[in-house]
Structure formats: C-alpha cells, structure tokens
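Q: Listed here are the chains, written in short residue letters.
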Amino acid sequence: MKSYKKEIWMNATKRRQYINITPIVEESLNESGIKEGLCLVNAMHITASVFINDDEPGLHNDFEVWLEKLAPEKPYSQYKHNGFEDNADAHLKRSVMGREVVVAVTEGKLDFGPWEQIFYGEFDGKRKKRVMIKIIGE
Amino acid sequence: MKSYKKEIWMNATKRRQYINITPIVEESLNESGIKEGLCLVNAMHITASVFINDDEPGLHNDFEVWLEKLAPEKPYSQYKHNGFEDNADAHLKRSVMGREVVVAVTEGKLDFGPWEQIFYGEFDGKRKKRVMIKIIGE
Amino acid sequence: MKSYKKEIWMNATKRRQYINITPIVEESLNESGIKEGLCLVNAMHITASVFINDDEPGLHNDFEVWLEKLAPEKPYSQYKHNGFEDNADAHLKRSVMGREVVVAVTEGKLDFGPWEQIFYGEFDGKRKKRVMIKIIGE
Numbered sequence: 508m509k510s511y512k513k514e515i516w517m518n519a520t521k522r523r524q525y526i527n528i529t530p531i532v533e534e535s536l537n538e539s540g541i542k543e544g545l546c547l548v549n550a551m552h553i554t555a556s557v558f559i560n561d562d563e564p565g566l567h568n569d570f571e572v573w574l575e576k577l578a579p580e581k582p583y584s585q586y587k588h589n590g591f592e593d594n595a596d597a598h599l600k601r602s603v604m605g606r607e608v609v610v611a612v613t614e615g616k617l618d619f620g621p622w623e624q625i626f627y628g629e630f631d632g633k634r635k636k637r638v639m640i641k642i643i644g645e
Numbered sequence: 508m509k510s511y512k513k514e515i516w517m518n519a520t521k522r523r524q525y526i527n528i529t530p531i532v533e534e535s536l537n538e539s540g541i542k543e544g545l546c547l548v549n550a551m552h553i554t555a556s557v558f559i560n561d562d563e564p565g566l567h568n569d570f571e572v573w574l575e576k577l578a579p580e581k582p583y584s585q586y587k588h589n590g591f592e593d594n595a596d597a598h599l600k601r602s603v604m605g606r607e608v609v610v611a612v613t614e615g616k617l618d619f620g621p622w623e624q625i626f627y628g629e630f631d632g633k634r635k636k637r638v639m640i641k642i643i644g645e
Numbered sequence: 508m509k510s511y512k513k514e515i516w517m518n519a520t521k522r523r524q525y526i527n528i529t530p531i532v533e534e535s536l537n538e539s540g541i542k543e544g545l546c547l548v549n550a551m552h553i554t555a556s557v558f559i560n561d562d563e564p565g566l567h568n569d570f571e572v573w574l575e576k577l578a579p580e581k582p583y584s585q586y587k588h589n590g591f592e593d594n595a596d597a598h599l600k601r602s603v604m605g606r607e608v609v610v611a612v613t614e615g616k617l618d619f620g621p622w623e624q625i626f627y628g629e630f631d632g633k634r635k636k637r638v639m640i641k642i643i644g645e
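In the order they appear, the protein sequences are chains A, B and C. Per my numbering, residue 508 is the first one in the first sequence, and the count goes up by one each step. Per my numbering, residue 508 is the first one in the second sequence, and the count goes up by one each step. Per my numbering, residue 508 is the first one in the third sequence, and the count goes up by one each step.
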C-alpha cells in the first residue's frame, strides 16, 4: 500500500469565498503515483469546508444567500460562541457544507461524474488556512 | 491491496425520490471479494445524494417537507443558478443530505448498526444518473 | 494492509448532547499500530452523528439553538415519522451534522489542524448507542 500526503495553503481575500481546488488535487494525485485507491480532501480548520458541487457562479451566489438565511453572520450577539470571536456563523455554515470529501481513484484519475468539482469553502477568511490531501492505494 | 469499482445507473421517476440501494452495495461487496476495508458510495451527479438513514416511509415524507422548507424548489426565479435551469434547489438539498458515505467492511460485510440503510436521494430526477461504488481493502 | 475495528458504547444522559471522543479515537489508533492510512469514525445509529468541530461550550449551545430552529423537536405531530416514535427531529438534525468523519493518519497520529476535535452528537439519547472506529493502512 502507498500513502501520500500534502497540505495546501489557502488565503481567501473575502470572509466567504468558494475556490475550485480540483486542479491542485489532480496534480497531487499525479505526484502520488497512486492508480487505485481513495483520496481524502478535508479542511483542516473548523470554519471552512471542502465539498463537491458545480463550478457555476450563479450557484455560488445562491449558496451565499442560502447559508446567510440558514445561519446569519449578524447580529454577532445572537451566538454564545461570539464572546471574543465573531465567527460562530462560520462554524454553522461549515456544518451544512461538510468538512471533507472522499473521492475514488481509478486508473490514476479522480473518478468523477460529469460536473463534479472540488471546492474549498471559506466562511471566515482573510487569513491563511490549510487543506489536507491524503491518498492511499497502490 | 485489492480495489473494486462499480457504477450503477439510477432512473428516478419523480423529481424527488429516495431509493434504498443497500442490496446493490452488498452484492457489489460480495463480487469484490474484499473482506476488510472501506466502501465509498457516492452520487456522481451534483443534484443527488447518497446518505444513510432509516427505511421508513413516514421519515422520507418528513425529509421531503423539511428540505422543501430549507431550500424550496419554487419560485425558480429566487435562485441565480436558474437562468437556463430550474434545479438550484436540488444543489442545495443535496448539500444538506451529503454526496457520499464511507462504510466499514468487516469479515466481508457492510459493518452497520441495526437500522442503517444506504439511500440514493434524487432531487432532480426523471433522468438517468450514476452512483459510484469503490471498495478498497483485502 | 492492516485493518482495525473497534465499537465504542455511548450513553448520553440527555436527549441532546455533544461528547468529545478524540481521546478514544487516538487510543484506538495507538492500539491498531497503523502509521499511514485512513480512519473512519461513524455513528452506528441513525439519530446520532459524528462530526469534527471546536471543543467550545458556547458553540455547542449555538448548535443546540440552531438545530432546534432548523428541525424543531416539538410539536411531535408535525412529523409523519412520529406515529409510534418521537424522534423524527433527531433523524433530521443528524442529517445536517453528518454520520461520519474520515481522518488522515500520518506517522501514527490523527493528522489534524489546530482546533479539530471529533464529537459524538446525540440527538435522541438516554439510551446506549455505538460508534464505529475502522482504520485501514499500514
């Protein structure tokens, strides 16, 4: 069995932002030399998400509006977590969108359906955070 | 290490539908010959879900009502994604329910609790879509 | 390839409760002797969750308030699932928070970011339930 690990640094310029990291994950898979296995991609921070969906700006706008409806950023005082912080909403938004994805690796490729793309979802940005890529297989 | 892959075609007759795919996953696990490992099951399309819950029609009705409350299908015009499409709500519903499950394989069986069943959740149906089953182990 | 499995019993004293199980998972990883691989941790019951977030009591209070807003426990009669049961809301809350996490194992450790902790989220407690830990690797 082979295993491969890479950490990648994200630096979102906005509080909330969606960044397509599919090319970075593909490059990592190539580096790993693994042909058959599983690829885990996860946010290493608890106010961010890794998820799979469509690379379509209208949809990303819909995510923004929808997540603000489900777990609004403001007023900050509505959340007990916000004693010394202001990011409780980011913990909740990340819970909806998920921490991680696991992707099948087949014949050296991410084994995806037609529109699947991997996104880093930042909900408390303007700072550096890491994403983990861990691949096991052979 | 062994690896096994199967794609299965789903063809939901309704826009939204929950289909128990546990027997198909069990059959695939038997075919694979893998006794110890991990089994990934994921929707290959971004308006569908694979999740684990109870096979109880009342609960599935509750999912329908609840997801329509969290991310209503209509009016279509409330979503920016719906320029040429009408399925933005399906992308959001799938985000709540999740893309994938990872199940332990022990002694050649899906290592489940008493009521765990794997469902394909369709949120934009009346068309053919695929589910991925990828098993690694030995 | 090595594989390791452990079931751990949870016994939440409240209907809804968050229990940090990171030390138990770390102990299991040590027992397994696995240095590189993937660690799956999942609820074996469909009204409970395993998720990764911050070990901060204010945030856990925010989860309680927020999940009660998204999927209220009462009135029980609002859910079709509640014919002979009263836990439909627990099935929905668990859908938001997720069934499972998959964690990278690197150099014999759970390969975590700075604040990541694994929680068992109970949504229909006062009874014994199990969590699965399955680790594969070498």
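Hints in this document: simulated from the structure, not taken from any laboratory. Errors might be hidden in some of the hints.
Because identical chains share one entry, a pair is satisfied inside a single copy or across any pair of copies.
[What the hints assert, rightly or not] In silico EDC-like pairs for lysine to aspartate or glutamate, Cα to Cα no more than 20 Å straight-line: (1) LYS635 - ASP618; (2) LYS581 - GLU514; (3) LYS635 - ASP561; (4) LYS542 - GLU575; (5) LYS512 - GLU592; (6) LYS633 - GLU645; (7) LYS587 - ASP561; (8) LYS587 - GLU538; (9) LYS542 - ASP593; (10) LYS587 - GLU563; (11) LYS513 - GLU575; (12) LYS587 - GLU571; (13) LYS513 - GLU571; (14) LYS587 - ASP618; (15) LYS633 - GLU514; (16) LYS635 - ASP593; (17) LYS521 - GLU563; (18) LYS587 - ASP562; (19) LYS587 - GLU575; (20) LYS513 - GLU543; (21) LYS587 - GLU514; (22) LYS587 - GLU534; (23) LYS512 - GLU563.
The structure displayed is predicted, hence computed values, not measured ones.
Q: Give a verdict on every hint.
A: Here's how the hints hold up against the structure:
In this homomeric assembly, LYS635 and ASP618 come within 20 Å of each other (Cα to Cα) only across copies, at 18 Å, whereas the closest approach inside a single copy is 29 Å. In this assembly of identical chains, LYS581 and GLU514 lie within 20 Å of each other by CA distance neither inside one copy nor across copies; the values are 32 Å within and 41 Å between. Proximity of LYS635 to ASP561 under the C-alpha cut-off of 20 Å is restricted to the inter-copy arrangement: shortest distance 18 Å between copies versus 24 Å within a copy. Taking identical chains as interchangeable, the C-alpha atoms of LYS542 and GLU575 are never at most 20 Å apart, the minima being 40 Å within one chain and 41 Å between chains.
Within a single copy, LYS512 and GLU592 get their C-alpha atoms no closer than 32 Å, and across copies no closer than 38 Å, so neither meets the 20 Å cut-off. For the identical chains of this complex, LYS633 and GLU645 are neighbours neither inside a copy (38 Å) nor across copies (38 Å), given an alpha-carbon limit of 20 Å. Taking the shortest alpha-carbon separations for LYS587 and ASP561, only the inter-copy value of 13 Å comes in at or below 20 Å, while the best intra-copy value is 34 Å. Taking CA atoms no more than 20 Å apart as the test, LYS587 paired with GLU538 passes in neither setting, with 44 Å inside one copy and 38 Å between copies.
Taking CA atoms no more than 20 Å apart as the test, LYS542 paired with ASP593 passes in neither setting, with 43 Å inside one copy and 37 Å between copies. Within a single copy, LYS587 and GLU563 get their C-alpha atoms only as close as 35 Å, which misses the 20 Å cut-off; across copies the closest is 10 Å, which meets it. In this assembly of identical chains, the alpha carbons of LYS513 and GLU575 never lie at most 20 Å apart, being 32 Å within a copy and 38 Å across copies at closest. In this assembly of identical chains, LYS587 and GLU571 lie within 20 Å of each other by CA distance solely across copies; the values are 11 Å between and 23 Å within a copy.
Taking the closest pair of Cα atoms, LYS513 and GLU571 never come within 20 Å of each other, the shortest separation being 29 Å inside a single copy and 35 Å across copies. In this assembly of identical chains, the alpha carbons of LYS587 and ASP618 never lie at most 20 Å apart, being 42 Å within a copy and 29 Å across copies at closest. For the homomeric pair LYS633 and GLU514, the shortest alpha-carbon distance inside one copy (19 Å) is at most 20 Å, but the shortest distance between copies (40 Å) is not. For the identical chains of this complex, LYS635 and ASP593 are intra-copy neighbours only, at 17 Å inside a copy versus 36 Å across copies, given an alpha-carbon limit of 20 Å.
When the C-alpha separation of LYS521 and GLU563 is checked against a cutoff of 20 Å, the pair qualifies only within one copy, where the shortest distance is 18 Å, while the shortest distance between copies is 25 Å. For the identical chains of this complex, LYS587 and ASP562 are inter-copy neighbours only, at 13 Å across copies versus 34 Å inside a copy, given an alpha-carbon limit of 20 Å. With identical chains, the CA atoms of LYS587 and GLU575 are at most 20 Å apart both within one copy (18 Å) and between copies (15 Å). For the homomeric pair LYS513 and GLU543, the shortest alpha-carbon distances inside one copy (18 Å) and between copies (13 Å) are both at most 20 Å.
Neither within a single protomer nor between protomers do LYS587 and GLU514 lie at most 20 Å apart by alpha-carbon distance, with minima of 32 Å and 33 Å respectively. Within a single copy, LYS587 and GLU534 get their C-alpha atoms no closer than 41 Å, and across copies no closer than 32 Å, so neither meets the 20 Å cut-off. Taking the shortest alpha-carbon separations for LYS512 and GLU563, neither the intra-copy value of 29 Å nor the inter-copy value of 29 Å comes in at or below 20 Å.
Violation of the numbered hints given earlier is confined to hints 2, 4, 5, 6, 8, 9, 11, 13, 14, 21, 22 and 23; the remaining hints are satisfied by the structure.
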